[in-house]
Structures are given as C-alpha cells and as structure tokens.
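S.K.: Protein sequence lines correspond, in order, to chains A and B.
Each residue of the first sequence is one higher than the last, beginning at 1 in the working numbering.
Each residue of the second sequence is one higher than the last, beginning at 1 in the working numbering.
Treat the hints as calculated values from the structure; they're not laboratory data.
Watch out, some of these pointers could steer you wrong.
In silico DSSO-like links for lysine-lysine, alpha-carbon gap of 30 Å or less [as the list claims (entries may be wrong)]: (1) K291(B) - K159(B); (2) K366(B) - K175(A); (3) K291(B) - K346(B); (4) K366(B) - K408(B); (5) K166(A) - K366(B); (6) K159(B) - K346(B).
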Amino acid sequence: MDLALQLLFTGIGIGAVYALVALGFVLIFRATNVVNFAQGEFSMVAAYLMVVFAVDLGWPYWVSFLCALAGMALLGAIFNLGVYYPLRHRTFLPVIIATIGASILMANSVLAIYGPQPQVLEGWFETPGIQLGPVYLDSQYLLIIAVTCVLVAFNYWFFEHTMVGKKLQATSQDKEMASLLGISVSTMIMITFIYSAVLGGLAGILVAPILFVSIQMGSTIALKAFAATIIGGFGDVTGAIIGGLSLGIIETFGAAYISVPYKDAFAFLVLVLFLVFRPQGIFGERVAEKA
Amino acid sequence: MSASDNMPIAVITPRAKPLLLRHLPYFIGAAIVVALAATMSFDGYILNILMQATTFAIAVFGLSVVLGLCGQINLAQAAFFGFGAYAVGIGTTDFQMSYWLCLLAGCVMALVAGAILGASTLRLGGHYLAMVTISFQQIVTLVMINAIWLTHGPDGVGKIGRPALFQTQQSYLAFCVATLALIGYFVWHLPDTRLGRAMRAVRDNELAAGVAGIDVFRTKVYAFAICAVLGGLGGGLFAGGFAYISPDQFSFAESIVFLTMSLLGGVASPIGSAIGTGLLILIPEWLRFLKSVPGLYLAIYGLSVILIIRFMPDGIWGFVNVATQRWRAKARVHAAGPPLQLAPGKVGGEIVLEVTGLSKYFGGLKAVDNVDIAVRRGGVHALIGPNGSGKTTTLNVLSGLYHATAGKVMLDGTDITDMQPHLRTAAGLGRTFQNIRLFRSMTALENVVIGAERPGNALVDTSEDALTQRAMSALAFVGLGLRANELISCFSYGHQRLIEIARALAANPTLLLLDEPAAGLNSSEKLELHELLKRIAAQGLTILIIDHDMTLVSEAAQHITVLNFGRRIADGESMAVLRHPDVVSAYLGTE
Numbered sequence: 001m002d003l004a005l006q007l008l009f010t011g012i013g014i015g016a017v018y019a020l021v022a023l024g025f026v027l028i029f030r031a032t033n034v035v036n037f038a039q040g041e042f043s044m045v046a047a048y049l050m051v052v053f054a055v056d057l058g059w060p061y062w063v064s065f066l067c068a069l070a071g072m073a074l075l076g077a078i079f080n081l082g083v084y085y086p087l088r089h090r091t092f093l094p095v096i097i098a099t100i101g102a103s104i105l106m107a108n109s110v111l112a113i114y115g116p117q118p119q120v121l122e123g124w125f126e127t128p129g130i131q132l133g134p135v136y137l138d139s140q141y142l143l144i145i146a147v148t149c150v151l152v153a154f155n156y157w158f159f160e161h162t163m164v165g166k167k168l169q170a171t172s173q174d175k176e177m178a179s180l181l182g183i184s185v186s187t188m189i190m191i192t193f194i195y196s197a198v199l200g201g202l203a204g205i206l207v208a209p210i211l212f213v214s215i216q217m218g219s220t221i222a223l224k225a226f227a228a229t230i231i232g233g234f235g236d237v238t239g240a241i242i243g244g245l246s247l248g249i250i251e252t253f254g255a256a257y258i259s260v261p262y263k264d265a266f267a268f269l270v271l272v273l274f275l276v277f278r279p280q281g282i283f284g285e286r287v288a289e290k291a
Numbered sequence: 001m002s003a004s005d006n007m008p009i010a011v012i013t014p015r016a017k018p019l020l021l022r023h024l025p026y027f028i029g030a031a032i033v034v035a036l037a038a039t040m041s042f043d044g045y046i047l048n049i050l051m052q053a054t055t056f057a058i059a060v061f062g063l064s065v066v067l068g069l070c071g072q073i074n075l076a077q078a079a080f081f082g083f084g085a086y087a088v089g090i091g092t093t094d095f096q097m098s099y100w101l102c103l104l105a106g107c108v109m110a111l112v113a114g115a116i117l118g119a120s121t122l123r124l125g126g127h128y129l130a131m132v133t134i135s136f137q138q139i140v141t142l143v144m145i146n147a148i149w150l151t152h153g154p155d156g157v158g159k160i161g162r163p164a165l166f167q168t169q170q171s172y173l174a175f176c177v178a179t180l181a182l183i184g185y186f187v188w189h190l191p192d193t194r195l196g197r198a199m200r201a202v203r204d205n206e207l208a209a210g211v212a213g214i215d216v217f218r219t220k221v222y223a224f225a226i227c228a229v230l231g232g233l234g235g236g237l238f239a240g241g242f243a244y245i246s247p248d249q250f251s252f253a254e255s256i257v258f259l260t261m262s263l264l265g266g267v268a269s270p271i272g273s274a275i276g277t278g279l280l281i282l283i284p285e286w287l288r289f290l291k292s293v294p295g296l297y298l299a300i301y302g303l304s305v306i307l308i309i310r311f312m313p314d315g316i317w318g319f320v321n322v323a324t325q326r327w328r329a330k331a332r333v334h335a336a337g338p339p340l341q342l343a344p345g346k347v348g349g350e351i352v353l354e355v356t357g358l359s360k361y362f363g364g365l366k367a368v369d370n371v372d373i374a375v376r377r378g379g380v381h382a383l384i385g386p387n388g389s390g391k392t393t394t395l396n397v398l399s400g401l402y403h404a405t406a407g408k409v410m411l412d413g414t415d416i417t418d419m420q421p422h423l424r425t426a427a428g429l430g431r432t433f434q435n436i437r438l439f440r441s442m443t444a445l446e447n448v449v450i451g452a453e454r455p456g457n458a459l460v461d462t463s464e465d466a467l468t469q470r471a472m473s474a475l476a477f478v479g480l481g482l483r484a485n486e487l488i489s490c491f492s493y494g495h496q497r498l499i500e501i502a503r504a505l506a507a508n509p510t511l512l513l514l515d516e517p518a519a520g521l522n523s524s525e526k527l528e529l530h531e532l533l534k535r536i537a538a539q540g541l542t543i544l545i546i547d548h549d550m551t552l553v554s555e556a557a558q559h560i561t562v563l564n565f566g567r568r569i570a571d572g573e574s575m576a577v578l579r580h581p582d583v584v585s586a587y588l589g590t591e
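So here's chain B without its partners, still in its complex pose (with noise of 0.2 Å):
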C-alpha cells in the first residue's frame, strides 16, 4: 500500500453503451414473445394456464424483491393478490367502472395497505412480520368471507370486465405478457439502483446499512410496498383474465403457494421468479390425481419448503447460476478514478465533535458516565482505556446504534444527539466497526458505492458514473483499486477492513470514527494502516480511532482522551497524557 497505489491505474476501460442499446436483446426478445402469445393459436385450457402463470408470476416478482433484495417476509402476498382482483372484479361490475381505473385503484390499495403494514412493523424484528402478515392475510380472508354486502361473500365475484381494447382471451394474454416483461426489466434491473443496493445493504447487514448513511426503515417499507403493489397489479390481470373469483383463491394457502414458488425458482431473481411460478402452475397440472385428497397437495408444498430451504437455500435459479458461472462473461471493468479527494466540511469551529456530558446507563450499570470529549479538526484523536472502559459504547453513541442517557454530542456546529443513524452521516460522520460489517453477498465496489451515496456527498452527483468512479478512487486509495470486482468473501480480514475503510471515506465524512482499527492485524499490515492513517489526515480529514495498539495510537494520535470505568480519567497532549500516573495505573494496576 505505498503512495504509488494511489495514482490512476490503467485499466481498460469497454465503451460504455447507453443503457437502453445495452438492454436492446431483452425489449427485442419480449416483444417476440408478447407477438407470440397475441398470434399463436393455443387452447381454452392452455390459454387459462399460461393467463395463470403470467399473473402469479407478477405477484412472485413481488416477492423477489421484498425476500430476495431486501430479506423481508411477507406471508400476505395473496391478501395483496386480491386487492387488485376484487378491485377489478367489484368495479368493473357493481360499479361499472372503466378497467383501467379499476386496475388503478386495486394497486394503489395494495400499495397503501403493504405501506401502512410495513410503516407499523418494519421496525421491529423479522418474526414479527411474518406473524403479522400471516395475521393480515387471515383478516382479509375474513372480510372477504363476511362483507357480503361488498364482495358478494363465498359466492364471488363472476362476469368481470375486461378493457376494450383486449376483449378476447387471446389478445388479454398478450397484454399480460406485455405487462409481465415491462415487470420483469423493472425488477431484473433494480438490483443495480440507488435503492436496490440500499435494499441488498439492508438484507446483509442492517447495522452497516444505517450506518452507511441508508434510512433502513424507509428502505424496507418502500421495499414491502413494491411487493404489495406487483400482488394488486398480478391480481387485477388475473380477475380480468378469469372473470371469476372467490376468497378461497386469495387465502393464506395461496400465500404459501406464491412463496414456494418463490423459493422454488430463487428468491434472489425474476429468472428464479418466473422459473418457479411456471414449475409449481405446471407440475400441479401433471400431478392433477393428488388434488382428489384435499390436503395432500398443500402438504407437499410444506414439505418441499423444509426441503428447499435445506438443500437448495437459492433455488433452482441459484443453483443453475452457480454451475454455470465458469461459463460467463468476467464481470465488467471499470476505469480507475482519479486520485481520491477528501474535502470535509468545514463548517463550525476549531472544534469538530464536541461531547459535553455524554452518559450511557444500561439500567443500573454506568457504561459511559459524564464524558466530555473535544475532537480538534484536522488532527487524529484517539480514545483509549482498559477492556470494558466504555470506549465502544461512546462509539456506538456517538454513531447513534444507543440512545444517549444524557449529554450532547456537536458536530461540526450541528447537534447531533438525537437523530438516528443515518442521518448522522448525512451530517458527515463515517466510522468503522471494530468486528467488520461489510456487505457480505456485494463486491467490494458495490460496498464502496454505497458509502459515496451518502445524502450530502458534496463531492458527487448522483450519477452512476460518478459514483463508481469515486468509490474507485476510495478503492485504489487503500491500496484494493484492481480487485474492485471481486466478492467480500475473497478478501482476506486485513483487507476487509480496508475496504470498510474505503467505504467511509468514499462518503467524503467530516469526522472518521475507527474502532479498534489494529485489531487482528498482523505486524505489516498495522504498518500499512499507520501509512494509510497518515495519509488521511495529510488531506485534512479529522479521525477519532479507538485501539489497544498503544505504539499506534502513540505515533499516530496527537492527542488522548483516556477512560476508565466510563469515567475520563486524562486528556491532553499524548506524550503527556500517556505519562500521567491514572493512565499508567489503569493500564498497568497500582502497586
């Protein structure tokens, strides 16, 4: 990692196509497929399957990106199903409505009920929402069982309208098709958004997320609501498709079918989506013999979901992906950015975070007892003190994970005492954590990317190019710029904490918090990291590091802050602080 890693690195560099020329194959490819469903003669009975697989499928889309992107559950999708379908079905017969504005007001009710859901829940733990979501879906089959006055009750809804425009079953499907494929660019492509990655952030690791600078519970409701509003879009083409329904096909059980199609196909991806649904609509159709027993059917759903879960966790999908990954073309290159900037703000005084009374109590226990802290800009200030002084834990404060008991925290003329994480490092914190938290299923630039996406990155715009270019700046600046593509499992520990480095730094913060940098480091790598430390605050970027490593902390910090029991015991200059008999005493005992 010497100075020399940090100069632009010739990389060759592909033009980069528009994005729409690039994703010619696909449009190019559906609409062959949706000419095709519009002209090939097919059969009522295999014209019901393929309306039926076309419509789950939208639904199971749905769920890709609430489970597969953002690690959240959802076991309402078929409540969400026949939000859409009752919408179409009761408005374009009981109130003669257009179907267009039906289709509308299915998914916009969808979409409301998946955000007020999400909104109540989200921020709690997983379990929670599967147990409300079960709970949702048992409520709307209720309503649906009981509001006889409005959904017509167990006899459902028959003699539903379709558009104008798509009168026969034939062109109805093509418009399905059509919609499906539209769908499908959508999910296939959002992974690679500002809010797919926010959501693959909040699936690996919600703690880094929030600490990134992503709001984790707006990522996750906005994430539960697309679901929401692909089940209403899926159910409103299936009523005008079956121009029947019921509440038996909107009930938990179909809930569970949408989600082992899910996981059948790959939860990670509309392929496995779609790959999923058209298996579990067709081998259903081969076995029809097990529907005579009412009960078996759904008893091997359950069971393939034990075993699914078990032996092929990413599906068919994830399976074929990883069998064929030899085969496929390297991941794309990127051009190396220039040489990395910091510009940190500078907007208050002398003083960049200024702690004054700062106190965590975890019931009875002191943890952090009335520290003041003083961080001058531009410098490196280390905190120090024995096991268990509470050094993390005024980290974790500081970076909002706890609630302050009392005090304030001031940074950069900004009280940030209050706000939650996120929104601490818009205001231009960056810190790492002292047991790596990276995004564990992303490449070390995807990782980095989402540090330069931080809300307030003065230093670039909101474009992908600028994005990938600057967290490739981040990357070379540690020394890692040539393996920007590869997975965070192939980095060795030493250079995963560089890249939870590169990753703070791309954000362009205004104080950089290191917790226990040096550990599990060996003896030439905390050389490196002392290089790497320098070189930072050369750029004028104040850091506040938290480590055991005292000939680190010695050479590398100007001045201490040391604690002890909670308490401050010494803070000053570091040689003098270092000498102060407290300190001595805290490290080495009293004789």
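Pulled out of the complex, with its shape left as it was, chain A reads as follows (with noise of 0.2 Å):
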C-alpha cells in the first residue's frame, strides 16, 4: 500500500509533464488542424537551453529560466514561418511531414553541437524533498504538479476571460469567419505556436532533473503526449490533461509490477487499446467530415 501511494505521487508528477506538452499538442491541433510532430523537441531544446545557461555559462537559475523560455518563444516564432506558415494551404500530409523533418532537424542539430553525452540539470530546490508519513514527497515532482495546477488555471482565464483567448478560439474554430470578423489569423497563429513552444518548454525545464537532458527526451515526451491527447480525446484541453495523468500513473505502475525496460511499450499498448475500442478517447472528438 506504501509502495502504491509512493508511485501513484511518482505517476501524477511524470503524468503532468505529459499533461503539459500534451495541451501544446492540442492548442496547435485546434489552431491549424495540424499535429505537431517536433512538439516534443521544444522540451528537449529547452532543457538544453537550461544547461547551457545554468551549467555552462553559470547563470542564476531564474536568470535560465526566463531566458530559457524566452529562447522558446524565439524558437517557436520561426517554426511557425519556417514550417508551417508557408504550407498552410496545403493539406494535412506534407504538413505532418515537414513537422517530422523539423523535429529531426532540432534534435540532430543539439546532437551535433552537444554530443551524444547526456546532461545533468539540478533541481530548482536545495532541499530533496519531505516525507509525509509513508510517502517520499521529491521536490521537483512538488513543483512540477504545482506549476501544472497554475497553468492549467490560467490556460482556462486565458482562453475563457481574455479577448485574446477567444479571439484565438474563433480562429481555430472558423479561420475565415474569424478574417472576415478583422482578427488577424496569422497573428492568431503566430500566438499558438510561441505559446505552445513556451508550454513545452517549461515541461522540458521541468522534468530535466527527473529525467537526464538527452537528444531522446523529446521524442520520448511527444509519444507519451501524444498518446494522453488520444487517451483524452483529440483536441480536448480537460481530454489532454486528464488522458497525461492517467498515463503516468499507468507507466509508473507498469514499470513497478510489470517491467523496467519495456517500460516505454505502456503507452504504446495503452494507445492501441484506446485507438481499437475507443478511438474518440474519453472526451470524444468531432471526427466526421462534411460532404
């Protein structure tokens, strides 16, 4: 029982890492219809963004960490006029695979500049953690399901209690009503892609010192997330964070009981089973196309 409230904590901290990019998958999804398959390369940019700046060069943590996210937003303005923007009429395949390239690109780009080494990132925190009562409380787990809870409450006031939300929502729910209304849909776009850039990041900065700053985390992450938006529902905010939760809690177990190394193959399995008996996820998706 001991050990099962220790990984349940365990599953809900990686769950929410998964969470985190997971809702970057989605808010790009609704704004152009598109996965983005280099999602999982924001966060392993900016843990390195992070070990460049904290580790190489010395600098206080929250210094890194702003200019951590700041590097995010610069990275996710020239994916989108890199990548996406001037495919944007095409249809769904080249642009799925155009993300694919660029996500290759950012990850063998960091291998070629940092080598195959993976690093190591310290916590935010000095101390390790508290115990309380049979369970291990690691700091880092502390802040990352703190700083999820944070986001997802202003994910919520952003899009519901701000113009800038819903003008976003309009365009991801009808682009050409949304021009016609004078909202700038590229801005619109331009919005998403640095935000979600930024929200992939911070899981990356976050999960760091759980994990080691490696070239695989990203791609390691993307899957995890990917699999929670399914788990959840496509295009589901509530679907993607619920869907990350669960599969951490999922994965942490399975490793536990079941097997280390394949622990990677849950979320896979998981997937599977979701995509053969419940491909709308939990929350559901709206799948039909008009004739």
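Got two chains here, each in a separate frame; can you build the complex from them with the hints?
M.R.: In structure tokens:
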C-alpha cells in the first residue's frame, strides 16, 4: 500500500509533464488542424538551453529559466515562419511530414553541437524533498504538479476570459469567419505556436532534473503526450490533462510491477487499446467530415 | 449536349497489343541490368553500395505505394525492414533453417504486423497513423535491443547465410537486382490496376471514393500491408547481402532516411523511389566527412525534408516529368463505346426507395426529424426545402456518410439503413455531391472507370477493356467523350459536374441521388442539365434530386417532397405540392 501511494505520487508528477506537452499539441491542433510532431523537441531544446545558461555559463537559476523560455518563444516563432506558415494552404500530409523533418533537424542539430553524452541539470530546490507519512514527496515532483495546476488555471482564464483567448478560439473554430471579423489569423497562429513552444519548453525544463537531458527525451515525451491526447480525446484540453495524468500513473505502475526495460511500451499498448476500442478517447472528438 | 453526342464517335483505335508484349522492353532492359550485375567486376566497396541501394530501393518502393499512391503515412518502414532482416538473420544462424523459408517468414511477419497495425489505426485520421507508426518503430527497436535471448541485443547477428544458389557476393547481388526489377514492375503497373485506382481515389478524396463503391478502409489496409511486406522483403535481402545486422540499422532514424529517399525522388512513382534511394546512398558516400560529427548528417536530412516538401513537393522525378511533358507521347486514345445502356435493377416492387421515420440528430439539433419518403420506380422525385431544412443531411444519411439516429431505409427491397457507403453503392445507390468531389489527380476517364467498377454492376465484367468501354459510353452520354483523357483540372465547373454524373451513371445504379446539380451552373448549362435528366429518366433510371431551382424541379420532377426544419411539410404530385400553402409560406414567408 505504501509503495502504491508512492508510485501514485510519482505517476502524477510524470503525468503532469505529459499533460503540459499534450496541452501544446492540442492548442496547435485546434488552431491549425495539424499535429505538430516537433512538439517534444521543444521540451528537449528548452532543457538544453537550461544546461547552457545555468550549467555552462553559470547564470542564476531564475535568470536562466527566463532566458530559456524567451528562447523557446523565439523558436516557436521561427518554427511557425519556417515550417508551418509556408505550407498552411496544403493538405495535412505535407505539413505533418514537414514537422517530422523539423523534429529530426532540431534533435540532430543539438546532437551535433552537444554530442551524445546526456547532461545533468540540478533541480530548483536545495531540499530534496519531504517525508509525509509513508510517502516521500520529492521537491521537483511537487514543483511540477504545482506548476501544472497553475498553468491549467492560467490556460482556462486566458482562453475564456481574455480577448486574445477568445480570438484564438474563434480562429481555431472558423478561420475564414474570424478573418472577416477583423481578427488577424496569421497573428493568432503565431501566438499559438509561441505559446505552445513555451509550454513544451516549460515541461522540458521541469522534467530535466528527473530524467537526464538527452537528445531522445523529446521524442519520448512527444510519444507519451500524443498517447495522452488520444486517451483524453483529441482536441480536448481537459482530455489532454486527464490523459497525461492517467498515462503517467499507468506507466509508473507498469514499470514497478511488470517490466522496467519495456516501460516505454506501456504508453503504446494503452494507445492501441484506445484506438481499437474507443478511438474518440474519454472526452470524444468530432471526426465526421462534412459532405 | 444534343442527342447526337450520344452516337458512337469515330476515334482512331490503336491496335491493342497484349500487355506482356507492350512491356517487353522493360523486361529486356531488366534482364540486361541483371546480367551486368552478375558479370561486371566490381570491387568490394562498390558491390556493397550497390547491394545497399538495391535492397533499400525495395523498401522505398513500399513507401511509394502507401504514401504516393494511397496518401497514408508510414514512419516505421525501418521496423518492417528489420522484421525481414532479423527473420533471415536469426533463422539462418540460430535455427539453421533454409534461407528461402526465413525470407518468406520475414515477409509474412512484416505483412501480419503491417496489417494489424493498419487495421487498428487506418479508420482514423492521418496524424494517428503517423504517431502510431512512430510508436511501433520505437517498440520494435526496444525489443531488438532488450530481447537478447532472441535477437542477441545490441551485439547484433553475424554470419548470416545466403541461399546455396547465390553464395558469392556478386551472384547474390544479381539475384537482388532481379527481385528489384520484378517488384519495380509490380509497383509501376499497380496504379493502373483496380486496386491501384482505388488507392489513388482514396488519396484524392476519401468520401467520394466510398460513395463510388470503394471499400476505403480495406484499400488503405492493403496499401499499408503491401508497404510492410516490401519492407520485409528488402530487409531479408539486406541481411543476406551484408551477413551482419544490428538494431541501430533499423531505428527510427532509418525510417526517416527511407522517407527522405521517397520524398526526394518523387513519392508517386517507382522511378522516383529508385532515384531518391540511389542519390541518398551515393551522396553520403561522397560527403563522408559529415559522418564524423554525430547528428550533423541526420540534421541535414531533416532540413532536406522541410525544403523538399516546400519547394519540390513532387520530388525530382515529378519535376522532370512536368518539364518533359511536352516531348512525351500523348496519352492512349480509347475507342468510343456503344451508346450508354442503363439497366437499373428491378428486384423490389413499385417503390424503389422507401424511407420511414428517418431521423438524424446532432446533439440537441434535430437536422432530420421523422421523415418519410417513398420514391416511385422510373420517375424523377425532388426533395426541396429552404436552406437548413435538412435536405443534404437526408442525402448524407441515405448514402451512409452519416449514421441515422432512427428510422429505416429500404433500397429496392434491401435494407441499407446500417450499411457503409461503399456497400450501399454496391446495392445500387449512386450519387453526386453539391460541392463536386472528383479524384483530382486523375483523368475524366479514370474517374468514370472507378464508377463503372462498382461491385454488383451487372452490365460489365471486370476486364479492363469492358470497364474502359463502359466509362467511354458514360462520358459520351454526358457529351464529354472526346475529352476522356484530360485531367479533371482542365474542365470547367459545369463539365466537372457532368463527369460526376457520368461516374454515377457508369455504375448502372438502381437509384441516382443528385445533390443540387444545378448549383453554380449558368442558364444554358441548366438547360443542358435538364435535357440530360430527361435522357436519363427515359432509360428508366429513378432519380431523387435536391435543388433550389424551382423551374428545374417543377419541370423535371413528377413528385415532390418538401422539408422544413427537418420535418416533412408536404408530399405529392409536383404542381399540387408547389401550390400547397405551407410550402409557399416556408419559401416566401407568411404575411
């Protein structure tokens, strides 16, 4: 029982990271109807930026943190201009392929610069964690959970209660109508990419002290996050969060009770089960194309 | 579009040579290449490069089927390649089995894995497929590394056997080249077969493909399985050629290499695949220094993918193709068919289409609410109503694009309420779309041939000639017989509409659904359409038409059903219905 509680805590912490990346997936999907296959690389690049600023250059943690996020915003903008925007009038297949190309480009550019050796990034806190009854609460996990809660709340406020959020929603629902109403669709899409890149980057920075900072972390996180969006129901924000959390829990328990080397395979199994038995996910997606 | 257009037109008929004879040059060329591969003396380095290019090209051919022909993505081709390679590797060493048996086993494993993967994902959108194939690729890599008892883990498998017949490196290469030539022939010829046409139709427009009688899901699974099996075959040959394999040769990065090869050469054709494979094996050999920095090499691949997609979406071969179009021989000329015969099925009674209590709700919105329609055999029946009255929704429920919330649909004695679109088409339903849905990368003739191929079309056997003739007759019937070989994009909007009607007519349906056929037509085109409807009705084909054009409806239809807010508000003989006070108020408002 104690072990189960401990695993539950760890699972929620890891799941929160998946949820953040999944959120980035969903936002871009809703704005552009395209899945960004480079979403995971945003997390990886941000973690490496942290290594550069905080470890190599020795800047204070919070300065490095802000600079890394600023770097991600810039990367999101470049990504939009270089990869998505020129292809916006094409069908989804070329766009998907281009984002895959971008993901390969980002991962291997970092590899070429930094080499294959995984890097270590210290956590934010000095204290490693606190003991609460039978469960040991690691401070980094606590931070992840706290930041995720804050971001989910922010996300809700931003989309439901600000003008920019409403414009973003309008754009994702009907681009033509939005532009007829005087909303600049290209600006809205730009904001979406920047916001998603920052979200993905945040997830990467948060998870970096738990995992090693490596080239593979992007694709691993992206796969889990994508599985999370399908489990939750594609295109649904709440679904992405619930999907991410459940996947984190399933995976942690699977690794503890079934097999460690195949830990990454559980996400895939759950994904296939959902695709076969409930492809619309927990919260459902509108799939039908209009005739 | 006068009646004389329907007469047989004299078109120069080239004497059709037997297929094998026409393709003889290909086989002679292939035989020469195989002979060269077997006899020329290469040094070991060149031999290795040729071996790699040959086996990789087979796997890339697979991608040209799934991605180029069918428009589905596969990011796990290296995993399927690995299935074949490991089957041959482990089979010929640890299990001491015959090479041939192992090669076969590898292909079967790839086929089964591909079919299962496809069957679980292909009902959904393309991004699911992309992610699932990436995940699958990762899992396969995990197993290759961790299942050491089976795969020897990261150490890989060495001393892999070859068939007794091809023990030397050179003879084995000749064998691989021969296999490549055979597969190349198959992939080159595939687009013109029934299955290949179905794949192209699915790629161009899934909805229309289903309504034209193609089983969309099965076509996609076939394409995916063919791709996987070609991956397995390539991998099996690769293992024999190099005698040593290890997990890193079948990683996600290799899948991306395969994809880049396919995109660079041109995804639509095996020639493009061969060019792309050759280039991407040779270029890195010339630029070996790039390999000294890990990652740089793949980073360039990633960048090339983005640039190719943006600036050269059809690849090198597509580019060459467009540039040389002027000098190449004109497309084949087809003999005009006999005047189009329509022989609508007559199984049931007087009522061809009987809709009872049909409802379709979208959440709380009752788009169609408890509607009854009875369409009599041999007449023109119109379904009218103001905008948003549920007409197109009704049609979409009838043709199976939407699932009915309640109610029953009987077509000529068959209950089609729960059938998928292509099965309804097989049962005798034909339809056109309000916003034209043709297969845009194909010629008019190919579009109509797909219609003629409808399963259950009793008027033609499945021979290629009969299908072509039937399609030519249908095109002549709508007045476009002389432009059969032009691409869809060459036709005006009005003519595209006619091609869509021809596609439906070629299938010899029992009931033809026309969704706003007059929308967007000018007045002379409308007159022609009216003529056409008369000629169709004269052959005894029942038509259910939706339109806003009251002149067309009142002149063409004998019977009218009126919908408003999803409910039936009037039904009966046309003149009486049009004078019905509820109908007048629905259209013009009440005072």
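S.K.: Compare the structure with each hint and give your call.
M.R.: Tested hints:
At most 30 Å may separate the alpha-carbon atoms for a hinted pair to count; K291(B) and K159(B) meet this at roughly 26 Å. At most 30 Å may separate the alpha-carbon atoms for a hinted pair to count; K366(B) and K175(A) meet this at roughly 26 Å. Between K291(B) and K346(B) the alpha-carbon distance is near 70 Å, which puts this suggested pair outside the 30 Å criterion. At roughly 17 Å between alpha-carbon atoms, K366(B) and K408(B) fall within 30 Å of each other, so this suggested pair holds.
Distance hint between K166(A) and K366(B) is fulfilled; the C-alpha atoms sit about 28 Å from each other, no more than 30 Å. For the proposed pair K159(B) and K346(B), the alpha carbon gap of about 67 Å is over 30 Å, so the pair is violated.
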